[in-house]
Amino acid sequence: MESLESYPGARVLEVRLRVGALAAVVEDSLQFCYGIATEGTSLEGSKLVVKTVPVVMHCVGCGQDVELVGVQSFRCPRCGEPCFDLRQGRELEIEAIEIDDGVGAETVGDAEIGVKA
Amino acid sequence: MTTRIVELRRGILKKNDELAAGLRDRYAAGGVLVLNLVSSPGTGKTAFLERTLTALRARGAKVAALVGDLETDNDARRLAASGAPVRQINTHGICHLDAEMISKHLDGWELGNLDYLFIENVGNLVCPSSYDLGEKIRVALLSVTEGEDKPLKYPTLFNSADAAVITKMDIAEPCGFDRGLALRNINEIRPGIRIFETSAKTGTGMEEWLGYLGEECEKRGA
Chain Z
8 MESLESYPGA RVLEVRLRVG ALAAVVEDSL QFCYGIATEG TSLEGSKLVV KTVPVVMHCV
68 GCGQDVELVG VQSFRCPRCG EPCFDLRQGR ELEIEAIEID DGVGAETVGD AEIGVKA
Chain D
125 MTTRIVELRR GILKKNDELA AGLRDRYAAG GVLVLNLVSS PGTGKTAFLE RTLTALRARG
185 AKVAALVGDL ETDNDARRLA ASGAPVRQIN THGICHLDAE MISKHLDGWE LGNLDYLFIE
245 NVGNLVCPSS YDLGEKIRVA LLSVTEGEDK PLKYPTLFNS ADAAVITKMD IAEPCGFDRG
305 LALRNINEIR PGIRIFETSA KTGTGMEEWL GYLGEECEKR GA
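Protein chains in written order, with this note's numbering: chain Z, 8 to 124; chain D, 125 to 346.
Okay, chain D solo, but in the shape it has when bound (with noise of 0.2 Å):
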């Protein structure tokens, strides 16, 4: 018998991150901005991409979003009530979106004709982390209450965001929202990241963020 080492360096995540890339090519060549929504379930992802595509819309943007689950197109449904062309991706069962499901679920989309696409991921603040859907920007969101910790407990996730939103300040008060821990705890992580403190139920925040889209859009293919 001989034992020998082979060594091998290969990504186990390899097959994903070469379908990103090749992802990352096609949304550049088309000149769309990309951005991944991350957060747990229940957080308000698909309310603030709800009033994210409604005011997008209003100001002559052309968006889609593509918005993951396990199960039902109920978020799908409620998305496309603003008007954009919206497609359900169902996992049923795995507990993310891959590199893969988008490009299947991107068939027939003219990425040319589109400002902005949005992907909700399935609600998740672990696995998703991992995989790459070759968006420009990933941004993760936490609600008031969720508690300020979270980006301490999920320092993946959070670590990897370009942009950070807060969600429900409106309720903030009653929940006890610390709003400078929960500040504090996002740049221990991710320093210098731009936060976004929201509500899409009054709109607060919302300009602030529509402004940095429109900024980022700008510069989508420099």
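Same shape as in the complex, but just chain Z (with noise of 0.2 Å):
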């Protein structure tokens, strides 16, 4: 919300998520909440983007970070090795937000949204 006050003015048309595999967050239970908690809020209506970071580990035996296929078996997909060391997929953090910052706001209306400065 703070990030707001620098756009006087300014509504949030969509909030962007970066979600890890491992971050135990279901999008669908997310998406239900958010339309709920985001009411009388200056995010009230703002869509709700949730992109999924795959789990990568660093395989000691192929020398090099692994993107794991799931969440079953943290083994390295190339060589099978067991990995210990993991270096992404438990992320759960706003990327961005994308807003209409408000100039002109009054006499524009909502099928313009999307139009990119």
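Treat the hints with care, as some may be off.
Partial pick of chain Z residues on the chain D-facing surface, computed with a CB cut under 7 Å [to be verified]: (1) G52; (2) V56; (3) D107.
One-sided and incomplete, this derived list gives chain D residues near chain Z with beta-carbon spacing under 10 Å [what the hints assert, rightly or not]: (4) T127; (5) L137; (6) K139; (7) L143; (8) D199; (9) A200; (10) R201; (11) A204; (12) N311.
Listed below are the simulated DSS-like cross-link pairs for lysine-lysine, each with C-alpha atoms no more than 30 Å apart in a straight line [what the hints assert, rightly or not]: (13) Z:K54 x D:K138; (14) D:K138 x D:K325; (15) D:K139 x D:K325; (16) Z:K54 x D:K260; (17) D:K277 x Z:K58.
Derived from the structure by calculation, the hints contain no laboratory data. Each residue gets a CB set at the ideal place from its N, CA and C atoms; glycine is no exception.
With the hints as a guide, bring the two chains together.
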């Protein structure tokens, strides 16, 4: 919310999240709650966009970071060695918000939302 | 109208993570080894911890515990019978402990006088895995009555654990518990993790567990 202070009169159109495959967050539930939680706030009516981030482990055998196919086995998909070192997959963060900065907002209708600056 | 993208890159659990980092510093300054015990309701965290606290105290270690539950102070009263200082945290509906709750409940405790602080989390395998409490060791517990595939169903918790404890080994046989499968599943999610097969009732596996605690306690602050 404090991010909006630099843009007085701005309206939030979209909130973009990055959610790791191990973040224990279910997108459907999040979407279901989002509308309710944002009612009466400056986020009311905004769209929630969830980007799922796969698990990336460092494989000692291969000497490089490898992306896991799922979260049922923490072995390197290339060489089969067990992986201990998690590099990505627990994220739960707001990546960005898309706003209408309020310039000319009184005269512009919703139909034009999505026009990029 | 001008549409613009404001980059934030802000962790939703940032506040908890910052508080947890502060707690970690406090634990380190006090030289206390902190463990966070996480499992489903009914796995036997409290019975396991009762036995652990009593045994550590008998060996002269200075121990304390915080215990989280939605309601009641039943668990705190059970644990306090060990003679250790214990505080109950009632979350009144919240399904996990967070760093702020821990911080509040440590008030007045001199961490420098402790060797071990155990935090028994609210019984839940999901949300506690996302909340760092500043602990050195996260312990995932699983009982023989729960099904050997628990680690596969809750990979977030088991993958973030530093040690795994199987409880109620005394009833493994009547439960048809497939030990090999359970060990394989834990290892599939968290390769190489230390696994302790225990019974708080008979004391099975407790010596090995206490030995591990002793080693970790020696290493604390190192």
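**Request:** Against chain Z, run the beta carbon of K139 (chain D) and see if the smallest gap drops under 10 Å.
**Result:** violated (12 Å)
**Request:** May I ask you to test the interface hint for R201 (chain D) with respect to chain Z, counting a Cβ-Cβ separation under 10 Å as satisfied?
**Result:** violated (31 Å)
**Hint check, G52 (chain Z) versus chain D [nearest Cβ-Cβ separation less than 7 Å]** = With a minimum Cβ separation of about 15 Å from chain D (threshold 7 Å), the hint on G52 (chain Z) is violated.
**Request:** Classify the hint on D199 (chain D) as holds or violated, based on whether any CB of chain Z lies nearer than 10 Å to its CB.
**Result:** The hint is violated - D199 (chain D) has no Cβ within 10 Å of chain Z, the shortest such distance being about 24 Å.
**Message:** Hint N311 (chain D) vs chain Z: min CB-CB distance below 10 Å?
**Reply:** Status holds, d = 7 Å.
**Request:** Using Cβ atoms only, decide whether L143 (chain D) comes closer than 10 Å to chain Z, and label the hint accordingly.
**Result:** violated (16 Å)
**Request:** Would you check whether D107 (chain Z) satisfies its interface hint, that is, whether its CB is within less than 7 Å of any CB in chain D?
**Result:** Hint holds; D107 (chain Z) Cβ to chain D Cβ min 5 Å, cut 7 Å.
**Item:** Distance restraint between K277 (chain D) and K58 (chain Z), which requires alpha-carbon spacing of 30 Å or less
**Value:** It holds: about 22 Å lies between the C-alpha atoms, which stays within 30 Å.
**Asked** Against chain Z, is A204 (chain D) within 10 Å by beta-carbon distance?
**Response** violated (32 Å)
**Item:** Interface hint outcome for L137 (chain D) [beta carbon to chain Z under 10 Å]
**Value:** holds (6 Å)
**Request:** Using 10 Å as the Cβ threshold, decide whether T127 (chain D) counts as touching chain Z.
**Result:** holds (5 Å)
**Asked** Are K54 (chain Z) and K138 (chain D) close enough, with their CA atoms no more than 30 Å apart?
**Response** Between K54 (chain Z) and K138 (chain D) the Cα gap is close to 22 Å, so the pair holds against 30 Å.
Violated hints, in rising order: 1, 2, 6, 7, 8, 9, 10, 11, 14, 15, 16; the structure is consistent with all others.
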